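The UniProt record's numbering numbers the first residue of the sequence shown as 1 and each following residue consecutively.
These are calculated hints, taken from the structure and not from any lab test.
Since this is a predicted model, take the numbers as computed values, not measurements.
Among the hints, a few may not be true.
Label-pair ranges, simulated between beta-carbon atoms [said to hold, decoys possible]:
#1 4 x 24: 25 to 31 Å
#2 32 x 11: 14 to 20 Å
#3 18 x 38: 18 to 24 Å
Every residue gets a Cβ at the ideal spot worked out from N, C-alpha and C, and that includes glycine.
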Amino acid sequence: MNDTLRDYQQEMKLRLFKEWELHRSVMVQMPTGTGKTHLLAAIVREFLRGSGSRVW
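Model the full assembly from the supplied sequences, consistent with the hints where possible.
Right, dumping it as C-alpha coordinates:
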(Lines of atoms letter the chains of each structure in order from A and count residues from 1; the text may use other names and numbers.)
(Lines give C-alpha, C1' and ligand atoms only; values in the text may rest on other atoms or scores of the structure.)
Protein backbone atom coordinates (compact mmCIF):
# COMPACT_ATOMS: atom_id res chain seq x y z
CA MET A 1 0.00 0.00 0.00
CA ASN A 2 1.31 3.42 -0.93
CA ASP A 3 2.15 5.67 2.06
CA THR A 4 1.26 8.85 0.16
CA LEU A 5 -1.83 10.55 1.56
CA ARG A 6 -3.84 13.19 -0.23
CA ASP A 7 -3.94 16.66 1.34
CA TYR A 8 -7.36 16.14 2.95
CA GLN A 9 -6.27 12.74 4.32
CA GLN A 10 -3.12 14.28 5.80
CA GLU A 11 -5.24 17.01 7.39
CA MET A 12 -7.58 14.39 8.88
CA LYS A 13 -4.59 12.44 10.22
CA LEU A 14 -3.26 15.52 12.00
CA ARG A 15 -6.73 16.28 13.41
CA LEU A 16 -7.02 12.69 14.67
CA PHE A 17 -3.67 12.80 16.47
CA LYS A 18 -4.64 16.14 18.04
CA GLU A 19 -7.98 14.71 19.25
CA TRP A 20 -6.24 11.61 20.66
CA GLU A 21 -4.27 13.91 22.94
CA LEU A 22 -7.57 15.02 24.51
CA HIS A 23 -9.83 11.98 24.17
CA ARG A 24 -9.47 8.23 24.28
CA SER A 25 -11.86 7.53 21.43
CA VAL A 26 -12.33 9.33 18.15
CA MET A 27 -14.46 8.66 15.08
CA VAL A 28 -13.61 9.25 11.45
CA GLN A 29 -16.44 10.29 9.15
CA MET A 30 -15.61 10.93 5.52
CA PRO A 31 -17.65 10.45 2.32
CA THR A 32 -17.58 7.21 0.34
CA GLY A 33 -14.45 6.84 -1.77
CA THR A 34 -12.28 9.35 0.11
CA GLY A 35 -9.81 6.74 1.41
CA LYS A 36 -10.79 6.14 5.04
CA THR A 37 -9.26 2.65 4.98
CA HIS A 38 -6.07 3.96 3.36
CA LEU A 39 -5.89 6.78 5.93
CA LEU A 40 -6.38 4.49 8.92
CA ALA A 41 -3.85 1.97 7.56
CA ALA A 42 -1.29 4.80 7.32
CA ILE A 43 -2.08 5.84 10.91
CA VAL A 44 -1.65 2.27 12.19
CA ARG A 45 1.68 1.92 10.33
CA GLU A 46 2.91 5.21 11.82
CA PHE A 47 1.80 4.19 15.31
CA LEU A 48 3.51 0.78 15.07
CA ARG A 49 6.74 2.27 13.73
CA GLY A 50 6.84 4.70 16.67
CA SER A 51 5.89 2.18 19.34
CA GLY A 52 8.36 -0.55 18.44
CA SER A 53 5.53 -3.10 18.67
CA ARG A 54 5.22 -6.08 16.39
CA VAL A 55 2.01 -7.49 15.01
CA TRP A 56 1.84 -11.20 14.22
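The hints, checked one at a time:
no. : hint                : result
1   : 4 x 24: 25 to 31 Å  : holds, 29 Å
2   : 32 x 11: 14 to 20 Å : holds, 18 Å
3   : 18 x 38: 18 to 24 Å : holds, 20 Å
Going down the numbered hints, you'll see the structure goes against none, and every one checks out.
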